[in-house]
Amino acid sequence: MTCNQNEKMLQAQTLLYTTIDSQTMQLISILGIGAYGIVYLGQNILTGQNYAVKLLTHINVSRRETEIHAYLSGHPNILRFEKIVRENNKTFMIIEYTPEGDLFGAITQPGRGIVGNNDAIRHIFLQIIDAVQYCHQNNVFHRDLKPENIMLDSHWNVKLADFGLATTHQVSDEFGCGSTFYFSPECQGGTFRNHSRIKGYSTEKNDIWSLGVILINLVAGRNPWKQAHMRNATFAAYVRHPRHFFRKILPCISDELENILLRIFCLNPALRISLPELRFHILRCGSFIKPNLSSAHLKPPVSIRPFIQPKAPQMHCSESTAQTVLQYVACYTDEEDSYSALYNVPEKRPVQSGYSCLVSSDTSSVSSNNTSYCSTPGDSTSGKILYFNTQKLESYECPMNLHLYH
1499 MTCNQNEKML
1509 QAQTLLYTTI
1519 DSQTMQLISI
1529 LGIGAYGIVY
1539 LGQNILTGQN
1549 YAVKLLTHIN
1559 VSRRETEIHA
1569 YLSGHPNILR
1579 FEKIVRENNK
1589 TFMIIEYTPE
1599 GDLFGAITQP
1609 GRGIVGNNDA
1619 IRHIFLQIID
1629 AVQYCHQNNV
1639 FHRDLKPENI
1649 MLDSHWNVKL
1659 ADFGLATTHQ
1669 VSDEFGCGST
1679 FYFSPECQGG
1689 TFRNHSRIKG
1699 YSTEKNDIWS
1709 LGVILINLVA
1719 GRNPWKQAHM
1729 RNATFAAYVR
1739 HPRHFFRKIL
1749 PCISDELENI
1759 LLRIFCLNPA
1769 LRISLPELRF
1779 HILRCGSFIK
1789 PNLSSAHLKP
1799 PVSIRPFIQP
1809 KAPQMHCSES
1819 TAQTVLQYVA
1829 CYTDEEDSYS
1839 ALYNVPEKRP
1849 VQSGYSCLVS
1859 SDTSSVSSNN
1869 TSYCSTPGDS
1879 TSGKILYFNT
1889 QKLESYECPM
1899 NLHLYH
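Mapped onto my numbering, the consecutive letters of the sequence shown carry residue numbers 1499 to 1904.
Hints listed in this document are in silico derivations from the structure and should not be mistaken for laboratory results.
Treat the hints loosely; a few may be bogus.
Unchecked claim - Label-pair ranges, simulated between beta-carbon atoms:
hint, residue 1, residue 2, range
1, Pro1574, Pro1774, 17 to 23 Å
2, Lys1788, His1739, 33 to 39 Å
3, Ala1618, Thr1522, 47 to 53 Å
Said to hold, decoys possible - Listed next, the in silico EDC-like pairs over lysine to aspartate or glutamate satisfying Cα-Cα at most 20 Å (straight line):
hint, residue 1, residue 2
4, Lys1581, Asp1617
5, Lys1788, Glu1754
6, Lys1588, Glu1672
7, Lys1788, Glu1756
8, Lys1588, Asp1617
9, Lys1581, Glu1594
Because the structure is a prediction, the values reported are computed rather than measured.
Think of the CB as a built atom: it goes at the ideal place given N, C-alpha and C, for glycine as much as any other residue.
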């Protein structure tokens, strides 16, 4: 735990067992600590009802978050907003408590029965679509869709949470806003086809891209790539041969799902599938995994553990492949520029997420060694399921091996 995290933990502990809301709500435990808020489990002393209580630490952004959350709170698949409490120069947001935790935990914890389960995938994903579609119909775009921000109640009902990065702008120039595994290529400020930096991106289409990654999480218990950027060799493999990529990397998925994913991960946002279309195809999809495969054929997801910086894996590819990647990379400025907006926009924390979700930029380097190129990616403390480590990606033809971080 870093010094900053220690300070936050000490700050959080000072309020434990104190009461707020005219001494009717006691803070009985810490559910999560993030860069811009602390989440407590609160219990109403009079009724015994439990709530999640979020201590808001950045007032200007917190006001936007609370206003958006309160406005959307009536939908059954959005976490219920209760009230704002201001006491002793502190602002608390009281929201619905979901004891089952978030979707990330449901995917990664053994025995939950979600990964590869057709009925569970359809039941959960359709509710996520409904929640996001309700947001979009009300001109709100989430921009941080990921399993950690999707809560589940005891009946497996979805509750979309954490509107700290939400916006009402249909086009945004806040690049790098969200979580590395889930945001779209255009959210990072460039179009890979014409080598130019764009002025803004569609927040609606960016949310749809994130939904595609969540769908893969549900089906296979993993992420398709670490980052949707040509600096990432795995994503570069997808760009070059999308259909071939899915058949090598996710051989468990059905042809129906493959066609849906190709529509979601369309590099041209204008041609990307719409939410009504996506909902229609999910309803009609007979099976998300190939009929001859059982859940035993799916790789187990990574366990949730405190983040430990692993020894960075290396990704190798042929010289011709590296040259292709480098010609895309050459048109971009330093990656820090792509993420500069992220550090000016608070990244809120989901209820019950007790680990750090700070996003750091990759520190990739490309070097030549005879006829092979090597890229050593960094990592982030972002909540993650898994990303692929390409050990020998010869012209994108060799199947990729999986690497689990434990």
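Hints and how they fare:
1. Pro1574 x Pro1774: 17 to 23 Å: At 19 Å between Cβs, range holds.
2. Lys1788 x His1739: 33 to 39 Å: 20 Å, violated
3. Ala1618 x Thr1522: 47 to 53 Å: About 38 Å separates the Cβ atoms of alanine 1618 and threonine 1522, which means 47 to 53 Å is violated.
4. Lys1581 x Asp1617: The hint is violated at about 35 Å.
5. Lys1788 x Glu1754: Measuring from Cα to Cα gives roughly 9 Å; hence the hint holds.
6. Lys1588 x Glu1672: Since the Cα atoms of lysine 1588 and glutamate 1672 sit roughly 28 Å apart, the hinted pair is violated (cutoff 20 Å).
7. Lys1788 x Glu1756: The hint holds at about 11 Å.
8. Lys1588 x Asp1617: 44 Å, violated
9. Lys1581 x Glu1594: 10 Å, holds
Comparing the model with each numbered hint stated earlier shows that hints 2, 3, 4, 6, 8 do not hold.
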